[in-house]
Structure formats: C-alpha cells, structure tokens
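Please build the complex by placing chain E on the supplied structure of chain L, with the hints as guidance.
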Amino acid sequence: MSTQIQPILVALRRHKAGALLIALQIALTLAIVCNALFIIHQRLAHMSELSGVDEAKVFVVHNQWAGNLSEQQIDAQVQADLVALRQVPSVHDAAPANGYPLQGSGWDNFITMTPDQVKPTTDAAVYLGDEHLIDTLGTRLIAGRNFRADEVGMLGNQQIIIPPVVIVTKTLADRLFPDGSAIGKSFYAMGTTPSTIVGIVDRLHRQGTSKYDKPYAGQALIWPQRLDVSRGLYYLVRARAGQIVAAMREAPKALYAQSRMRIIDPKDGIQDYATIRHKVYDSDRGMAILMGIVSVVLLAITGAGIVGLTSFWVGQRRRQIGVRRALGATRGDILAYFLTENLLIGLGGVALGAVLAIVINLWMMMRFEMARMSLTYVAVGVVVLLLLGQGAVLAPARRASRVSPVEATRSV
Amino acid sequence: MFAYYFQLGLRSLRRNPALTALMVMAIGFGVAASMITYSVFRAVSGNPIPEKSAQLFTPQIDSWGPQQNLKGEPPEALNYVDAMALMHAHQAKRQTLLYPIQLSVLPSGSRSLPVAANGYAVYADFFPMFEVPLRYGNGWSASDDGSHAAVVVLSDGLNQRLFAGADSVGRTVTLTGHDYRVVGVTRHWNPHPRFFDQFSTSGFDDASDFYIPFTRALDLKVHTAGRNSCRGQLTFTTWGGWLRSNCVWASPWVELDSAADAARYRQFLQNYAADQQHAGRFAWAPNVRLRNVMQWLDYEHVVPPESRISLLVSLGFFVICLVNTIGLLLAKFLRRAGEIGVRRALGASRREIYTQYLIEAATVGLAGGVLGLLLTAMGISGVGLLFQPQIARLAHLDLSLVGLTLLVAILATMVAAFYPAWRAAKVQPAWQLKSN
Numbered sequence: 000m001s002t003q004i005q006p007i008l009v010a011l012r013r014h015k016a017g018a019l020l021i022a023l024q025i026a027l028t029l030a031i032v033c034n035a036l037f038i039i040h041q042r043l044a045h046m047s048e049l050s051g052v053d054e055a056k057v058f059v060v061h062n063q064w065a066g067n068l069s070e071q072q073i074d075a076q077v078q079a080d081l082v083a084l085r086q087v088p089s090v091h092d093a094a095p096a097n098g099y100p101l102q103g104s105g106w107d108n109f110i111t112m113t114p115d116q117v118k119p120t121t122d123a124a125v126y127l128g129d130e131h132l133i134d135t136l137g138t139r140l141i142a143g144r145n146f147r148a149d150e151v152g153m154l155g156n157q158q159i160i161i162p163p164v165v166i167v168t169k170t171l172a173d174r175l176f177p178d179g180s181a182i183g184k185s186f187y188a189m190g191t192t193p194s195t196i197v198g199i200v201d202r203l204h205r206q207g208t209s210k211y212d213k214p215y216a217g218q219a220l221i222w223p224q225r226l227d228v229s230r231g232l233y234y235l236v237r238a239r240a241g242q243i244v245a246a247m248r249e250a251p252k253a254l255y256a257q258s259r260m261r262i263i264d265p266k267d268g269i270q271d272y273a274t275i276r277h278k279v280y281d282s283d284r285g286m287a288i289l290m291g292i293v294s295v296v297l298l299a300i301t302g303a304g305i306v307g308l309t310s311f312w313v314g315q316r317r318r319q320i321g322v323r324r325a326l327g328a329t330r331g332d333i334l335a336y337f338l339t340e341n342l343l344i345g346l347g348g349v350a351l352g353a354v355l356a357i358v359i360n361l362w363m364m365m366r367f368e369m370a371r372m373s374l375t376y377v378a379v380g381v382v383v384l385l386l387l388g389q390g391a392v393l394a395p396a397r398r399a400s401r402v403s404p405v406e407a408t409r410s411v
Numbered sequence: 000m001f002a003y004y005f006q007l008g009l010r011s012l013r014r015n016p017a018l019t020a021l022m023v024m025a026i027g028f029g030v031a032a033s034m035i036t037y038s039v040f041r042a043v044s045g046n047p048i049p050e051k052s053a054q055l056f057t058p059q060i061d062s063w064g065p066q067q068n069l070k071g072e073p074p075e076a077l078n079y080v081d082a083m084a085l086m087h088a089h090q091a092k093r094q095t096l097l098y099p100i101q102l103s104v105l106p107s108g109s110r111s112l113p114v115a116a117n118g119y120a121v122y123a124d125f126f127p128m129f130e131v132p133l134r135y136g137n138g139w140s141a142s143d144d145g146s147h148a149a150v151v152v153l154s155d156g157l158n159q160r161l162f163a164g165a166d167s168v169g170r171t172v173t174l175t176g177h178d179y180r181v182v183g184v185t186r187h188w189n190p191h192p193r194f195f196d197q198f199s200t201s202g203f204d205d206a207s208d209f210y211i212p213f214t215r216a217l218d219l220k221v222h223t224a225g226r227n228s229c230r231g232q233l234t235f236t237t238w239g240g241w242l243r244s245n246c247v248w249a250s251p252w253v254e255l256d257s258a259a260d261a262a263r264y265r266q267f268l269q270n271y272a273a274d275q276q277h278a279g280r281f282a283w284a285p286n287v288r289l290r291n292v293m294q295w296l297d298y299e300h301v302v303p304p305e306s307r308i309s310l311l312v313s314l315g316f317f318v319i320c321l322v323n324t325i326g327l328l329l330a331k332f333l334r335r336a337g338e339i340g341v342r343r344a345l346g347a348s349r350r351e352i353y354t355q356y357l358i359e360a361a362t363v364g365l366a367g368g369v370l371g372l373l374l375t376a377m378g379i380s381g382v383g384l385l386f387q388p389q390i391a392r393l394a395h396l397d398l399s400l401v402g403l404t405l406l407v408a409i410l411a412t413m414v415a416a417f418y419p420a421w422r423a424a425k426v427q428p429a430w431q432l433k434s435n
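As given, the protein sequences belong to chains L and E, one line each in that order. Using numbering that gives the first Met the number 0, you'd call the opening residue of the first sequence number 0 and step up by one each time. Using numbering that gives the first Met the number 0, you'd call the opening residue of the second sequence number 0 and step up by one each time.
Derived by calculation from the structure, the hints in this document are not laboratory data. Certain hints may be false.
[Unchecked claim] Cut-off 16 Å, straight-line C-alpha distance, at most; resulting in silico cross-link-like pairs (EDC-like, lysine to aspartate or glutamate): (1) E:220 <-> L:70; (2) E:51 <-> E:260; (3) L:210 <-> E:299; (4) L:278 <-> E:299; (5) L:169 <-> L:201; (6) L:266 <-> E:205.
Just chain L, with the same shape it has in the complex:
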C-alpha cells in the first residue's frame, strides 16, 4: 500500500480540480453535518427534560370567567368547582393553579435572602395552589410536610400577598441552602415578609423552557393560594389510572353543571401533557427534523457526487488501467489504488472540514449563544465521511478492477 501513495499523488496532480472539488465537498459536508448533529442532540436533550408531573394521568383545564364577578363570588365558585371535579369518578384529584410546568411562560419571582437586598440571589417559578396540588401533579414530597387546608388563602386582582409558608423544589432548596438544611429556613420572594420552607418536592419544571429559564432550571416554589382573579385560572386534574380520556370528557361537563358563566376554549381549553409537551417543544422538534433531513440528504448527495466523479475518472483512465493490468497488476491492486486515492482526498477533506466545523460552532456560540460542541461530533463525522467516501468509491473502483488488460491495446 505505502508504495502506492507516491504514484497516486503524482496522478492526482493531473486531476487537481476534481480532487479539490471532492475534498471541498467532503469538508463542507463534514462541517455542516457535525453542527447539524450537535443541534439535533441538543434539541432532543431539551425535549426530554422531566416535568416532575405524572404526565400520563394529568391534564389542564384553562378556565376563564365570563361576566363581572366579585373576588368573593369567584372564590366560592372555585371551591365549588374543585369539589365537583374531585367527585367525578374518573378523577383522582384536582387543584387550582396559576400555571403549570411546561406551559411555555408564566409567573416567576426573584429570590433574596434578606428584605433589603437589591441584587437578587436567584429566581424561582411561582406556582399557586392548594393542599391538593402536589398530589394532583404527582410529584413527590421528599422532606417536610404538605400545606394544611387552613393555610390556603385567597389571592385577588392586582394583589401581592406573601404567604408565611412555602414548598420549594429540591433544586431551589439546594441552590439556596446547599448544606441540605432548607426545611424551616426562610427567604424573600419580592415581598417585605419572608416565607418559611415547610416542604421540599422532588422535581417540578418551570413554566418556561426558554433561554431565560435555563440558568434557573428546576427552580420553583409553591405558595398556598387560590387564584381568584377575574381573568380566570387553571384547574389541574389527575385522572385515575387508565381513565384520562373519560376524565377529560367528564371534567368540563362537571364544571358547566356548576355554572355556565365560564369560558373553556373548545380548541385548547383542555390539554393533556402529551399536547402540552408537543406544543412547548415544537420549535425544538422542528429544528431536529430539519437538521436530520439536511444531514441525510447532504450525505446522499456527497456520496452520489463522489460516485459520479470517480466513475468519470475510471472511464478516462481505462487505458492506463489496462496497461497496468497488462504489466502484472492484480485486480486487488487496481481496487486498492482507487480506494487509497479516495482515502487521500478524503483525509485532506476531513482535515479542512474538522477545522471548519469548529469554526462554525464557535461562530454560532457567538451569534446564537449555542453551547460548545464536543469534539466527539467531529470525530464521528470524520469517520462517517471517510467511510462514505470509501463506500461511494467502491462501485466505480470495482468496475475499474474489471478492466481487461486487452484495453491497453485499444484506443479509447
């Protein structure tokens, strides 16, 4: 093999343009495919984030009030609605809320450790609910206790009332009190009075999934409040095992039986978690699909291009191949020649492509705040493209190896 490299290089010099074009194509393909795979992986990782919700059983009813109701009327209605929902046979539990994990965007408050601190320590998604919220979501209380019914208060229009007790996610507890002593400690969430941590839940995703939420991922708090604002609220409902379809059908009936002065949008007023997930990650999914299509088509076109050009070279060099065969070269020698030639071009291409892939990633980090691409992607890409080149060249090379020595005597 090694003895073949020198003549191949010499021969390549006579096909500079073709060799350069193949190398360039391999380089560009490598650069784009590496970055596309990286984007796909990142988006898939984003899409597989855990919500902390028992997604197979939980659904959300967006309940808006119609007409002019006072806060007292609304509170009475909310309580009646919850009793009605919990009585539906297919419903396990239900709770009022101001939002839900993976909603897309929602309420969040800055957290400080002292009342006079100006620069916030961190940020937490704010969920309002009653003593049924944790059970309804299906998240696990891992320390402390749940709210008591008598701790749950009302929150009316344009009011900020800071409850004295709060339940936080483990992520928030660890962020604020890394030594694990969060229970019984207190913090401030944009109020003048503190909230004391009485319980810690295992996990609860924030409402948002955006870039803004990223540094605060998993940080959420629950306050014991029923949202009694004229805009409306969300009812989170957990169905009994295997009965979510029935529960989603019966829940609005139960609510309308209570009162018809409400709006539950027929289009997206009731959503299960499959729909919520689908919606909140639609741009991630779209990106992953697009990058997947681009990568596959790109590899196919590059492969086909190599087949095309190599076939042309083989056609052009039939006579020389015949001469070599006549001078004693075996079929294997001819096959090896074309494979080696392709490997040399490919090596040049992937070397340039690897640099290009990293440059593109660096540029995307600057321009689109992407993460740094692991070199594994480049390594995998290099291997894939070299194999693709070898695979693509195989058919024309085998055709070349079948050129009969007689061709040497014929003119083309």
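Showing chain E alone in chain L's frame:
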C-alpha cells in the same frame, strides 16, 4: 444560436441520464431547502408597516435602575406613572399607550356559551398612527379619550361573529358585563410581526378582536392580559397600589415625522428622566431609549434563532450542492473533449464553446429549478412540521418566490459552470484529433 445551443443542451442532458439526474437533484434539493427556509425567514423578518416604520417610535425610560434593569437596558414597557407623564406632556404629533386585554362576550342567538375576545386598550391616535384600515365608521376621537367614553372598534372577525358582517356602527355590544357603542369596524388587520406589542406577544398571534379606549379600560380596572413585569419588593393589594408600583405593562408609541422631531423627543425623554432624578424618584442618571419600528424588532429579536439557523444551514447545503455540480459538470464536459476538438477544428471559437456549455449548464439549472419548485411547494405545505404553527402559517409560495426559485437555480448553476466551461473551451483541438 441560443435556441440551437439550448437544443444541444437538452440533447446532452439525455445522453448521460444518471449524471444529469444527479445534478438536477442536487440543484433541486439545494434550491428547495433554501427557498423553504427563506419563505419562513421572509415572513418573520419583514417590515410590518413599511411606509411608516421610520416615523413610529417606542420610548423607553429606565425606572428600575442599574441594579435591576435589563443588563443596562431600560424595561421594555412603561409603568403607569411614566406612561401617564408621557401622555400628558404630549410632545409628539401622535401618541398612544396600549396593553392587551381579554373580555368575554355573553351568549346570544345560537351560541349557548360565552366566548373570549382578545383586544387592546388604546388611545384615539392608535388608528391613524398604525394606519388601521376601517371598513365601517372610524376610530374614536381624542375627546372620547378625555371623556373615558364607552366606545369600541370591532375587528371584521368579531363583527362577523356578532353582527354577521353588517355595518354595526352605532349598535351596542356587551363585553364582560359592560356596554360599548360601536364606532368603527376594521378590515382584516394583523401586521406580522405585531411590532406594537412585542412586550406581551411573540409577534405572530391571531388578529385582535376589538379596541377600546385605554382611559375607559382603566376606569373599569381591566387587568392586562399580557405581561406585567416588576422589580424589588411588591406590597400592593389594590388596583391603585398596583398603578403606583414599578410594574411595567403599558407599551407606548409616538409618531415623529423628521429626524429633528425624533432628536427633540429624545431630549424630552432625557429631561423627563433627569427631572425624576432631581425629584428623588429615580436614584440614577437618565437612561432612555427611542427606537423606531425596525430597531425595536431587531432589539426584541423578533426573528426566532431557529429561522436564522435553518436559513444559514440551508444556504450551506445549497453551496455544497453547487460544489457537487461543479465536479459533475466538469466530468460531463470533459468526457466530450473529442467532440469539442472536432468543433474547434471546424472553426468554432473558444467563446462559442464557452457559450454553448454555459447554456447547457443553464438547461441543467432550469431542470433543477423546476424540480426545486415542486419540492419547495411540497416543503411549504409541510412546513408546519418544522416551525411553530403561528410562524409556519405565514410561509407561502407566491409568484415572487416561484420566480426567485427558478432564477436562483439557473444563475447558480451557470456560476457553477464557469470553471468547467472554461476548461471545455481550453481543449486543444490538435490533441483530441490526434488520439482519434
């Protein structure tokens, strides 16, 4: 000559069907990927109000201070105190505040359940400023703003639902238990992106259903249906307390005709912020902005990064397809070196060979363009898989995109053919003839 070369080109396409198919597919896929992503990019990055985008400005005032503002930038909307101060100062030709609201329409006729209606609380200037097209009636007047009048401008959509599309001016609608007199009905109007409410929307929401006076909405204590962003300690428990808080929720817009007017208004904002500092309300130096529509859309990153990245990746994809085409054209042309030699020996000039092969490439480009067009049409109908539904529905195949697809395919292929055609034109006739 052109027609003849074109015919030669077509014939040559048929001679190496595999090679031709490969090139046509490369061009077709490349151009289609670029056009599909471009159609989305075009939809999200367009100027929503081209005639006036340089005259409409949104003022920003830093009411949060350097430790709590947005990394040095003032908040993206105004609190009640600053918003009212700007309105009372009346330093612009036209000015409005706005915030999104949601009201309910009670059952009537065949509907047995209430429905939600989304709209905006705005000032009278909103309609002339943003050139809202009206089918019936007009917007309300400045005196209606002053008297907090119970008037409403309906969208064509809501007018269709409530009055079956009839001229409803003068009639009464009841929204969330309050009566409003209809003064106008808009034609379909939903500028993309919704530049005037970047604070609360992604910019690509459904069209609004109605508009009522801002002053009336505040009287009725209609809460914002959009964002409400606050800093520091919040202590309010009433509507009045909320109004006096540092929470920002109102989007302000002003119309300023000339650069001088804009400079004057900027100075006014600066002076206002300085006055607040002297009065002790702000404990920091004035920090104000006055951005026009396109500057605002740019600052708000209205074009989703997904749209930019996919356009760039598609263009990269197209470039690779072209590199591929260069190689294949080179192979195709040089395979016919003998033929070129004969033509040259018979007196064809290099320029003629060059032209012939460029035109042949153009026929490849045309075929690629036609394939690309088919793929683009398919892709745009399936674009809902790739982008968010509210963005995907904006992408469409129109005449300009059809033209652009064909043009880009042909031109790009001809550019790709420069080098291979030049190599073909350089073929030495003597060499070729000798070996035959």
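Open item on the list: Does residue 299 of chain E sit within 16 Å of residue 210 of chain L, going by the straight-line distance between their CA atoms?
Closed with: holds, 14 Å
Open item on the list: Hint check: residue 266 of chain L vs residue 205 of chain E, CA-CA at most 16 Å. Holds or violated?
Closed with: holds, 14 Å
- [ ] Decide if the proposed pair is consistent with the structure: residue 169 of chain L and residue 201 of chain L, CA atoms, cutoff 16 Å inclusive.
- [x] holds, 6 Å
Open item on the list: Given the hinted pair residue 278 of chain L and residue 299 of chain E, is their Cα-Cα distance within 16 Å?
Closed with: Violated, because 22 Å separates the two Cα atoms, which is more than 16 Å.
Task: Holds or violated: residue 220 of chain E to residue 70 of chain L, with C-alpha atoms at most 16 Å apart - done: holds, 13 Å
Open item on the list: Given the hinted pair residue 51 of chain E and residue 260 of chain E, is their Cα-Cα distance within 16 Å?
Closed with: holds, 15 Å
When each numbered hint is compared with the structure, a violation occurs for hint 4 only.
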